[in-house]
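Model the full assembly from the supplied sequences, consistent with the hints where possible.
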Amino acid sequence: MDIIEIIRYIFLGLLQGFTEPIPVSSSGHLVIARELLGIEARGLSFEILLNTASLIAVLYIYRKDITAIIVNLSRYLFKGARDAEAKTDFRYTIYLVIATIPVGVLGILLGDIIGDGASMLTVGVMLLVTGVALWFIKNKRGVKRDGDLNLKDAIIVGIAQCVALMPGISRSGASLVGAMSVGMNQKNALRFVFLLYIPVSLGTALISIGDIASDPELTTLALPYALSFIAAIIATYFGLKWLQGIMEHGNLIIFTYYCFALGTFSILYSLFT
1 MDIIEIIRYI FLGLLQGFTE PIPVSSSGHL VIARELLGIE ARGLSFEILL
51 NTASLIAVLY IYRKDITAII VNLSRYLFKG ARDAEAKTDF RYTIYLVIAT
101 IPVGVLGILL GDIIGDGASM LTVGVMLLVT GVALWFIKNK RGVKRDGDLN
151 LKDAIIVGIA QCVALMPGIS RSGASLVGAM SVGMNQKNAL RFVFLLYIPV
201 SLGTALISIG DIASDPELTT LALPYALSFI AAIIATYFGL KWLQGIMEHG
251 NLIIFTYYCF ALGTFSILYS LFT
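Counting in full-length UniProt numbering, the sequence shown runs from 1 upward without gaps.
Think of the hints as simulated: they come from the structure by calculation, not from any bench.
As the structure is a prediction and not an experimental result, all values here were calculated from the model.
Take these hints with a grain of salt, some might be off.
[Unchecked claim] No farther apart than 35 angstroms at their CA atoms in a straight line, the calculated lysine-lysine pairs in the DSBU-like style are these:
1) Lys140 <-> Lys241
2) Lys140 <-> Lys152
3) Lys140 <-> Lys64
4) Lys241 <-> Lys64
Following this line, the structure appears as structure tokens:
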């Protein structure tokens, strides 16, 4: 394997990793990279591997929140604790599970057909849809905190996340739109969205273990896989940290403009080339 191919895999790891947490569609960017640059990874398990890398970065960033939830959930279930914090985290966990169900069911039922043969035109249209959705929440300043969530909120966010099964629709963007539409403040919406990302991504990784193990390219691509995996972890970390800073200042509008620009370009490219 030559150095150019190794660089190609590292680039894809950086691209997937950085665009995974921000609301601009990582899957759409991979389609665009394939079309414009002729860059396409070999091997069935590559995208799953990069998603797992992003999961590691998300787990690290939210490690304190995850630990606190696990501790309070354990106190509530096994030690009979009924204080406000334990109750809130118990209900919060239930709502995360409920919000995971819609995309889990659709992912299993339609996983083999959603996104198959995604084109620049499809990605371009979906990026415009993402941009429009982000435009509608750009000025929303919700007040709901963790303890204010209810069953309806969880279902709405879960359904919103399902839309992201289409390439070009950002998972984080769709989930943020759902969370902020039900009145969650930006910080809590972002936290809920990425805690929701964990079971979905973890489930995908576990279901796909067999595919990864049987991938005929796994042995020959061990080095580029490893390098792209590391690149994706690092890129996801910095991408999510950047998004957290943006959310603190309410500047989601920059992602709207970006989706409009890239979506328009993708459509024009598909029509005139």
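Here's how the hints hold up against the structure:
1. Lys140 <-> Lys241: holds, 21 angstroms
2. Lys140 <-> Lys152: holds, 19 angstroms
3. Lys140 <-> Lys64: holds, 27 angstroms
4. Lys241 <-> Lys64: Judged against 35 angstroms, a Cα distance of about 15 angstroms means the pair holds.
Going through the hint list in order, the structure satisfies each hint without exception.
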